[in-house]
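Order-wise, the sequence lines are chains A and B. First residue of the first sequence? That's 0 in numbering that gives the first Met the number 0, and the numbers climb one at a time after it. First residue of the second sequence? That's 0 in numbering that gives the first Met the number 0, and the numbers climb one at a time after it.
In case anyone wonders, no lab produced these hints; they're calculated from the structure. Be a bit skeptical, because a hint or two may be false.
For lysine to aspartate or glutamate, the following EDC-like pairs were computed, each having C-alpha atoms within a straight-line distance of at most 20 Å [to be verified]:
id, chain 1, residue 1, chain 2, residue 2
1, B, 360, A, 66
2, B, 59, A, 386
3, B, 12, B, 276
So the derived list for chain A, only partly shown, Cβ under 10 Å to chain B, looks like this [to be verified]:
id, residue
4, 95
5, 271
6, 272
Here are some of the chain B residues that sit facing chain A, going by a computed Cβ distance under 10 Å [to be verified]:
id, residue
7, 317
8, 343
9, 402
10, 406
Beta carbons: idealized from backbone N, C-alpha and C, even for Gly.
Protein chains: 2
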Amino acid sequence: MAKPVPVSPLAPKSYPELPVIEGVRFATAEAGIRYKGRTDVMLALMDKGTQAAGVFTRSKCPSAPVDWCRAKLKGGKARALLVNSGNANAFTGKTGAKSTKQTADIAAKATGAPLGEIFLASTGVIGEPLDAGKFDGVMDDLVKNADPSGLLEAARAIMTTDTFPKVATAVAQIDGVDVIINGMAKGAGMIAPDMATMLSYVFTDAPIAAQALQAMLSKSVQGSFNAITVDSDTSTSDTLMLFATGTAAKRGAPRIADAADRRLAGFKRALDTVLLDLAHQVVRDGEGCRKFVEIVVEGAASAAAAKRIALSIANSPLVKTAIAGEDANWGRVVMAVGKAGEKADRDLLAIWFGGFRVAHKGLRDPGYDEQQVSAYMRGDKIDLRVDIGLGKGRATVWTCDLTKEYVAINGDYRS
Amino acid sequence: MAKPVPVSPLAPKSYPELPVIEGVRFATAEAGIRYKGRTDVMLALMDKGTQAAGVFTRSKCPSAPVDWCRAKLKGGKARALLVNSGNANAFTGKTGAKSTKQTADIAAKATGAPLGEIFLASTGVIGEPLDAGKFDGVMDDLVKNADPSGLLEAARAIMTTDTFPKVATAVAQIDGVDVIINGMAKGAGMIAPDMATMLSYVFTDAPIAAQALQAMLSKSVQGSFNAITVDSDTSTSDTLMLFATGTAAKRGAPRIADAADRRLAGFKRALDTVLLDLAHQVVRDGEGCRKFVEIVVEGAASAAAAKRIALSIANSPLVKTAIAGEDANWGRVVMAVGKAGEKADRDLLAIWFGGFRVAHKGLRDPGYDEQQVSAYMRGDKIDLRVDIGLGKGRATVWTCDLTKEYVAINGDYRS
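Whole structure, please, built from the sequences with the hints as guidance.
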């Protein structure tokens, strides 16, 4: 087992106050799946009629719960969400699928929800069979104790090697009526040791139909969870779900079924804010991280090209180690631009660290003050901007630095 | 500057004896480009009529010497090769191109070779202008001192953060006549600090025309230099060239112009051997490495799919840190298979470390002995095999583990 690690130096200094969303209640329990002396199961109970949307890992070897959720999501409705930490139920083959079904049966029995409205996730060790019986012992208590104000505790129960629970909240107006969006996430890179998951659950009382939720979620994820990387390793369990209880309708919020409805403009902005906040928190809990890095690529041939170049920079071990070493090593940035496979012309490139342009038109910028840049690199938020100089394509991604602690967390856990 | 590092624990125990190739001579000098007290320039002089082939980085931001070599290679002939370490002349824009031209002029004047038959390479810091005048002071001595037995010293002069010079040799028969292949390489990942280059030069006395050399080189590189990775970062300067003096014709070797000529079968095998040997040495000098890792993927939908999956595994920080930690962490291997984007079915996968099958049909292999596998993982050569179970696609790639020393070499150089 990994030794306990201190809270990430990039963790938020405080948690936001989370307003209650009517129609969703949370409970946690210690099921003893792997950890001792901490909660490892989270149940979210949702009122009848709650609409659901989700996006999942692109891995060709997804976990059993991901398979389950994808299938059930076709109904667009949710009554219960059950998540455990300590075991990912990934690469567990038919046994894993069976265990997932058994878990859902237990949840259905205790909650009265139909199987098609139960969603599951597991995060932790890959390849170990998950004993569904563990849920049996805690399920009745979970249902009994479910509480509308339990979101932060729920976020804590699904942590694995996260060093802090991740929550975010926002209020939007739909046709003049306030609606709430609350979210939680877990993830710290691909999560050590031998763990692999990013999970995020977002709840709202807005009365929006599943199809519209799905369209908005699929779009919002592009600029948030699909724009972060800690170590380029894609989890087998990545899951992001959005649940809408619709209870704001009681306060006069209109029921909306079409994502293109103009009255959703504010909701979309708030959803973007919550997802980006949660995604940033995942990066800020990146294993061994000391610096939060924002990478903006502009002037690329297209937005897609800009994103590929930005991710090439963000995933480059040499760029990430240089940032850990507090060096504005733009030579490595050039290398990462070059290897991205997108159109680029050395003689048009310009590179900035913070406000300092360090390279320009294929040359070191003669005007930059190395001392000023060095001082900037000692900060814990690094902005890196690259102008490709070719077109109008633009993208922003976020990552963290690569430190010896990352290697220690992911390599030393046997000692 | 990086502190001097000890020789890689994976370095070969001895250097092979390198037979002399008639028609090529080597010299080295201390030009003081960046390093003090060591050679940093290498000249190879080749007899008139020497045929040349080359492959170069796929980076969209290649160095000035790469641009130069690509242009000159069209002639298919070589008389001189001049390589410096300490400065990569990369991302130096028009200044870099001018410096390259100036260097070639100096070499042409001293050697009498036409500009179109002079090849150049630079390896070291990116973004610093390269002072071509430095070559002026040493060029006449280089020409005067050139010696047929100087290959190992030449290999040493082009090292940057390599911890040992890399050479390899083989003898092949063409129509019953012995021909020699000698090669050198440099590279240790993307090379710290802020350096970036893999260079390799191979020489033969076989009388083979440029076009045939090019075809054989382009093919042979696929299974050797294009099948290794240290940190997934592609150099702006990668250069591999093959020169054939043709002097074996004096001993009766036939002149061959067609790569499909059956008499080249032995030569091709020998070329493969030399390139693979050199490529392996680059991995064995990978920054901070402790383990040499061979990854075989079989049963993929195609050979290309197998190679993409193999490289996804080889480039995964989580797989590499687990190997550094001596853990047979097949869960992370599954993750890396899943993220490769190629067809894969969890329930068909099988994974071996050495002779030990650790996972099978979507489950931990119940038969494997954890103690035996742990003992195996403590060795310095790790064989990892993955059967995708879908088709006949097969590929082999090589990499090294990811240790804290890698991060130190690439991040701590400022302290």
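Hint-by-hint comparison with the structure:
1. B:360 / A:66: 17 Å, holds
2. B:59 / A:386: OK: residue 59 of chain B and residue 386 of chain A at ~15 Å, within 20 Å.
3. B:12 / B:276: OK: residue 12 of chain B and residue 276 of chain B at ~14 Å, within 20 Å.
4. 95: With Cβ-Cβ at 8 Å, under 10 Å, it holds.
5. 271: Hint on residue 271 of chain A: violated, closest Cβ of chain B at ~26 Å, above 10 Å.
6. 272: 28 Å, violated
7. 317: 5 Å, holds
8. 343: Cβ of residue 343 of chain B sits 4 Å from chain A, so the hint holds.
9. 402: Residue 402 of chain B check passes; min Cβ-Cβ to chain A is 6 Å, inside 10 Å.
10. 406: 5 Å, holds
In terms of the numbered hints stated before, the structure departs from hints 5, 6, listed from lowest to highest.
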